[in-house]
Each structure stands twice: as C-alpha cells, then as structure tokens.
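With these hints in hand, go ahead and build the complete structure from the sequences.
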Amino acid sequence: MVSRATRFRHLKRAEQNTTPLPVDTNSDNQNDQKDMDLDQEAYNALDAGFQGYTGTGNPPESDGESMDGCLDNDNWSDRSWDRIGTPPPSPPRSPLPGASDKEPDEDEDGFLNITAEDYREYDRWFGEEQEQIDEILGDLLTEEEIDSFKMLCIRLFGHISQRNYERIRFSFRDKIKLLSTYCLHKKLARLSGIQPTTVDCCINVCHAFNGQYTEETQCSTCGAPRFDNKGKPRRVFEYLPTTPRFQGFFNNPEMVRKMEFRANYVQEKGAMDEIFDGTRYKELCKTPIVVNGEPQDVCYFDKKTGRRDIAYAVMLDGVNIMDNAASGHSSCWPIMAQNLNLPPSERAKLRNLIPLGIIPGPNQPKDFNSFLLPFVEETIEQARGVRTFDITTGRHFTLRAHPLIISGDMQAIKHVIEMKGVNAKCPCRACELTGIWHAGAKTYYIPLANPQNNSGAIPKDRIVADLDPTDTSFDPLDLPLRTHNRILEQLGEMDSARTKKEYNSLAKEYGLTGHSVLDRIPSIQRPDSYPHEFMHLFLLNHGRDLVSLWTGTYKGIGDNLGQEASLIAFEDWCEVGRETEEATKTIAASFIRPFPNIQAHIECYIAEHWAFWLVYIGPVVLRGRLPKTYYDHYLELVDILKCLLSINNTTARIKTLRKKVAHYVERFEE
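All letters in the sequence shown, in the order written, are residues 1 to 670 by UniProt numbering.
To be clear, the hints were calculated from the coordinates, so they are not data collected in a lab.
Distance ranges between label pairs, derived from CB positions:
{"no.": "1", "residue 1": "K232", "residue 2": "Q267", "range": "51 to 61 Å"}
{"no.": "2", "residue 1": "I176", "residue 2": "C604", "range": "36 to 46 Å"}
{"no.": "3", "residue 1": "R384", "residue 2": "E579", "range": "55 to 65 Å"}
{"no.": "4", "residue 1": "R163", "residue 2": "E502", "range": "53 to 63 Å"}
{"no.": "5", "residue 1": "K232", "residue 2": "D302", "range": "42 to 52 Å"}
{"no.": "6", "residue 1": "E575", "residue 2": "L488", "range": "49 to 59 Å"}
{"no.": "7", "residue 1": "Q218", "residue 2": "N504", "range": "21 to 31 Å"}
{"no.": "8", "residue 1": "N597", "residue 2": "E502", "range": "52 to 62 Å"}
If you're wondering where the values come from, they're calculated on a predicted model, not measured in any experiment.
Heads up, the beta-carbon is just placed ideally off N, CA and C, and yes, glycines get one too.
Written out as structure tokens, the structure is:
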C-alpha cells in the first residue's frame, strides 16, 4: 500500500519534464559486464546503500583507464556490484525499448546479463520502498511514544489510576516526556487498526439510535433530544470490533500455537471436561452454516477447512460503579468475549479477555437489542468468513468465528434473550414452570411443592399463597423443558396476535417479550446457547442467601440477630467471622487471598471468597454451631460444589449430580 506522501511525490515528479540520466561514455568498452556506464548519481546512490561504506565522494577519475583499475584502488569501495559473485535479481519491469523476442544471453554462471539500466531501476525501486518504510516509522513510532506505551502497559497491568499516571507524568517531565492517555489511545488505535464503532444513544440510555431508531432525532421512549444545540450527539455507545483483533491473533506465532487447542482437543467417550464435550458444540460441528438463508457450503468448525475457526463466549453483567449515587445505583453494562480456542489455563487471564464495549448508565436500557446490533452484524460477517493472513504459513485463509454461548446473571440475560425473567409467571429460560401468585408480595414465585402442603412448617405470621394445596407439584427430574422449536412457535403465535392485549396475554403466559436480535446469529439459538452461569447462581446468589437464612438477616424473615429467626447464635456467628479471618492469614497466597471478617464485612465477599469459604472453611467453622439438620443439608451443597469445580468430570458423574441437586432443592423447601 502506497502512503499519501509517496503518492504525492510521484505525482509531482510526473509533472516535471524529466530528461534521460547522463551516461559516462569515457570508459573503454572492452567488457560489457565490467565496464558498465554508470552515471554520477547512480554511483552515489548505489554504493551508499552497501553496509560499511563510509565515503561520500565521487568515484575516482578513470582518465581513460578501465573500470577494473578504478575498482582495485584502495581508496575506492570494495563493495561494488562487480565484487558480488551472484547478482541480485531485479524487480519486475516492462521490457526496454527495442527489446526483441529473442531469448537473452546468459553469462557463464547461468544468470541473465544485468545492464546498467537494470541497476538504475533497482536502485529507484528500492529507494522508494525504503522511503515509505522511513515515513511509516517516523510517522508512527518515536522514542517518546515507545516510552509512553511502556508506561501505559505498566499502568494497565499495575492498576495505576489515571490521577497517579498524571502525577508521574508531571513529576518526571524534565527527564522523560510521556504522552497523555488521550493521545496514547488515539495512537494505539491507529497502530492496531481497531477503530471503535460509535453509535448515538439516548441520554437516558433508553436505546441506541440504530436499526429501527436510526432516523429519530429524539428518543421515542422518553422524548429526550438526540443532539445538543451544536448538533453533536448527547451520548454515544462505542463498540469495539472483534474481527481485526481475531485477525491480529494470526500475526503472533505463539498465539497461533496456543489457539490450536480447540482443533487438537480429543473428545473422549464419557468425559465432560470441556465445552467441546457438550452436546451443543457437537451438534454445530455436524451442521452446515447458513447465513440469512444463504448456505456457506461448510459446517461449523469443519475438521479440514475450519481448524483455525474461532469459538468464543460472550459475557455481560450490570456493574455498580458508585455506591450511594445521588440518582440511585450508577450502573453500566460491560460486554466482553472469551476466546475458547485457548487452553482453559489461558482463557480467563486479563490479557486474553476481549472487551466489546460498555453500555453506559446509570439507567437500565429499555431496548438492549439496539446496543447489541453492531455485534450481531459483525458476527454475521464472521460466519461468512473474512480473509486473514496466517504468519505461520505465510498464506491467506478464510477465517470464521462463532459465538457458542452467551452468559451473565439472570437480570442481564433476561434482557438480551427477551424474556420476562425473575418474578414473572413463567420466569425460567430453561423450562416452562409457571409460578404461584403471592398476594402479600404481589409477585410470582416457583416452589416445587405448594407451601400449603406442609402448613405446619410455616410460621403463623408469615404471609403465604392462598391456593389449593394440590394446585402445584413438580418433579424436579422431569420438568417441562423449553426447546428452540417451541420458542419459535410461541413467538409465531405472539406475532399473529390481532390486538396488543392479546399479545401481552400470550407474552405473560409464555414468559417471552419478543424477538431477540441475537437470534440472527447463526450459531446461537434459544435456550441452548444461554446456560445458567455458575458464579452468579451458586456463589453470589445462593451462597449469600443461604448464610442470610442461617443468620436471620434474609429480607422478610427478620432483622434482629439472636432471635428465633436466626439458626446460629449471634455470639457463634461473631466467632465464625473471627476464625475465618484468622484462618486465611496462614494459607499460602497461591491458594487464596486473606479473607475479611464474614460477620462484619460480608458485603466485601466476592465470588472467589464464596467459592473457598463454602467448600473449605464453612464445613469446619459451622460444625457444632449450625443445627445438625441444616448442617447436613449444607454438606450436600458442598458435595455439589466440589463436583462443579472439578477440572475433570464424566457424564456418569453429571447424571449423579443431577439427582443430588434435585434432592438438595427438595430438602431446601422442606
């Protein structure tokens, strides 16, 4: 690719009336190869290019002597073309004027005779390329920028804040000049070739102005104007394309080698160690790719042509970035991807995570589809295939990338999958269980058995559902599961509704809110591509709720510790907190970081804390403090967690685990 500066230089030269280069004809023509007629300019440009040449003067005067004598002079460079045994090939060029169809003569070494014009053309060609390289290096990378990029890496991986970076930049300004983060980000985007896709969005984050909202000048949901008084968008959402980053992986031989993990993975019968052992992946490998009704004549992850295809997972979640914000919780919605082609030990490392964008806050988007549209459009192109260069083979190939799963907490998934979600009549994305209306709480909830069936276990002051005891009873091992075809049928019925009231009634019955833009992705289908996520389901949700039930702090049960609502005495729970804090101080940091007091600072516990505490610390500190019935039930959960956290598993063990989970849930309701 020719730079703009080079193109301008060529155009300028073309406008000038160039004359033929002067040729020195004073030399004897005893030998055509040795006595080449090189002009003054060709000599200087030619010999200056040889490594080690330090002279800047003209070639020695021949005074009628042959060129051989000049080249043997000690004052003249011994690195001329005549000293090279095998002349280098000249670049492709058009035939010289007067050239005939006769085969050119070859010298004694079997090479074509090289003329003076060949050398001039080679010199001009090489000089232009070198100028382009110099322009690129001079324009993109300076010592100042290299130092700034090094500092940027230290800042990112060393968790240095923006404020501290500016302090360092100011304090050492006399010794080292560091660029601002804004300049660094712009320069980094230019170097990497990754340019974010900017989409205007509502100031209240109702939706992004694309798709059906492209032509809006004000939000159709809240009425807020799209642009300010200067005609600029009031808020934007930036999506970071994945295609140039996927292509960049193949410029790194080490990354190419690591990404061969998926293609080289051996599926063993009865093993359940990887996502590639799952049913969904195996089905895709046998399914032809169809994009918008167009067959691509190849299957997903084809064993021959698709060994370099990339499988990845998409993750999203709502994050509170500020505590006690003036207008409620200030949340944003990060979206990132995980490269499943990498080995499990590499996937979750910070350097290998692939950020896709952040849906701005603080409000919750009303239409998630509009923010996900740029991602969907890119995945469709990736399914068709993009031309990519592989540095390990030196050849181009067709790269395809397919998202396998989309995960997140229940609140995030219910929005992207367009389902009613928690507290709806049909809330689950995996089954079609219908909930019981709780008159006091004015919401639905789903027990496997109606609480009225065991009314003796319900406290007198507890509000319960006023229903017939025989109304609900479900077998946890035989639930009415959702299927992709069934969801399509339900959506078809909703689309055929003649009134909005009928549409809403069907939506309530089926637990759906409409079509998801993610359904357009060829490799994604509801509900198979949306598994429940372990971290939120077991650790951040159930683990915390279980402790709240033990200590009597669960919402709606009781707020005063030490009363009947608590299963653990307040003094015992304080001791559990102290023992937890002291125990983790002596555990090697390679296993876990020191824990805060769980009684005093339970809000500081993240998924990492809960995973270790529930499995290893809890069984020790709760023994003798938690009533035996509840303690034995808790140990069932520990057994389940150990199986789920195991690196290696089998299908037989998963079947046994399914029965254990069902038994645990039934005992929990008792």
